[in-house]
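Visitor: Go by the hints and put chain B onto chain A.
Number of protein chains: 2
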Amino acid sequence: MKPDKPESEGSDTKTRILEAAASVFASKGYHDTRIDDIVEASGSSKGGFYFHWPSKEKIFLSLIDTFADLLEDRLRERLAVARGGIGRLDAALGVCVETFGKYRSLAKIAIVQAAGLGLTFETQRRRVEDRFVAIIRENLAAAIADGSIPPIDPEIAALVWMGALDGIVMRWIQTGSPDPQVALPSIRAILLRSIGIADGRIIS
Amino acid sequence: MKPDKPESEGSDTKTRILEAAASVFASKGYHDTRIDDIVEASGSSKGGFYFHWPSKEKIFLSLIDTFADLLEDRLRERLAVARGGIGRLDAALGVCVETFGKYRSLAKIAIVQAAGLGLTFETQRRRVEDRFVAIIRENLAAAIADGSIPPIDPEIAALVWMGALDGIVMRWIQTGSPDPQVALPSIRAILLRSIGIADGRIIS
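Same order as they appear, the protein sequences are chains A and B. Counting from 1, position 63 in the first sequence corresponds to residue 63 in the working numbering; the numbering is continuous, with no gaps. Counting from 1, position 16 in the second sequence corresponds to residue 16 in the working numbering; the numbering is continuous, with no gaps.
In short, the hints are calculated from the structure, not lab data. Using N, Cα and C, we set each Cβ at its ideal position, and we do this for glycine too. The reader is advised that the hints may include incorrect statements.
[Stated by the list, open to error] Among the chain A residues that face chain B by a calculated CB cut under 10 angstroms, a handful are:
1. 160
2. 166
3. 178
4. 183
5. 196
6. 203
Only chain A is shown next, with the shape it has when bound in the complex (with noise of 0.2 angstroms):
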């Protein structure tokens, strides 16, 4: 049984830990980083920390989650108000260049160096794509039901999109290119055209 939780372990606390973490690990990377610099950091305590993590792996895959999470969050947010098909895919490809953009160096430790964290990360790494691949489902078929893009099969395309995005975001976030700015025109034309949309007019 889990001890009764003290005022001070509480949601505020937890959050400024996670904040605490995420800035050592973005500046220290992940092996360098002790569970000590992130008790430091936050000016918590060690018995604050091992209240909600009982390692630095934990701490360190909640951050992924606690990002997928506000990815997610952003993402439905926008899509409410954005109006069309093509108006969702553009306010859905803004959220993932500026939350990608904001938490650069902190994507880069997750993926660059949580690959060191073999099978646990890679499934949920699968866990979180699972999210989004739902989302962006949800949202062709909601295209396809309101006539806004042609009937197409909104799995395996969410399929395809997921795995571009993906592809792409690593490879910038590894290698600092194709450059979001210069590259995000030539994805949104290609994305569109994908799903029957060119020029903004439905095709065939």
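Guide: Below, chain B alone, put in the same frame as chain A:
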């Protein structure tokens, strides 16, 4: 300095050991495979093994390179006789489905278990992907030059295709779904539309 290469440790032996390693890794998994198992299955000797590879990890990475070489050879062979942009895509998709289908258990081990090798594997994976991105880009550039597809950014399109194919192949190998035979027509239509071809005609 390496010792003189004895007759029995030439390229035939090397191929035999690689083939044995592929089959042992596929049946026992990466972690449970011992070098002794590979030596025994190949009817070779420990000396023969260590003449070519210093460790289990190195022969495993060699196998991935061998698989990439095989895929590239088959691709280039079929692309050389394929006609036009669409014919080349069909040839390429056919080679991928056949080759990954034939070596699925090995590919599964390479992808799922190699994650445990961490950065070494990530670096190799990036190198292998770069080779295939280059092949896709060359072929797209040729198709643009001969007018069989409209002018697009061949680099970005190649990254989109690589990411899409990588994502779908990884998912299929790890989960068994989507079935490539069933999904192929949708994937083909989506990829062709993405570069400006619908129903066999240039769009826009």
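Visitor: Hint by hint, note whether the structure agrees.
Guide: Taking the hints in turn, this is what the structure says about them:
| no. | hint | result |
| --- | --- | --- |
| 1 | 160 | 4 angstroms, holds |
| 2 | 166 | 6 angstroms, holds |
| 3 | 178 | 7 angstroms, holds |
| 4 | 183 | 5 angstroms, holds |
| 5 | 196 | 6 angstroms, holds |
| 6 | 203 | 5 angstroms, holds |
Going through the hint list in order, the structure satisfies each hint without exception.
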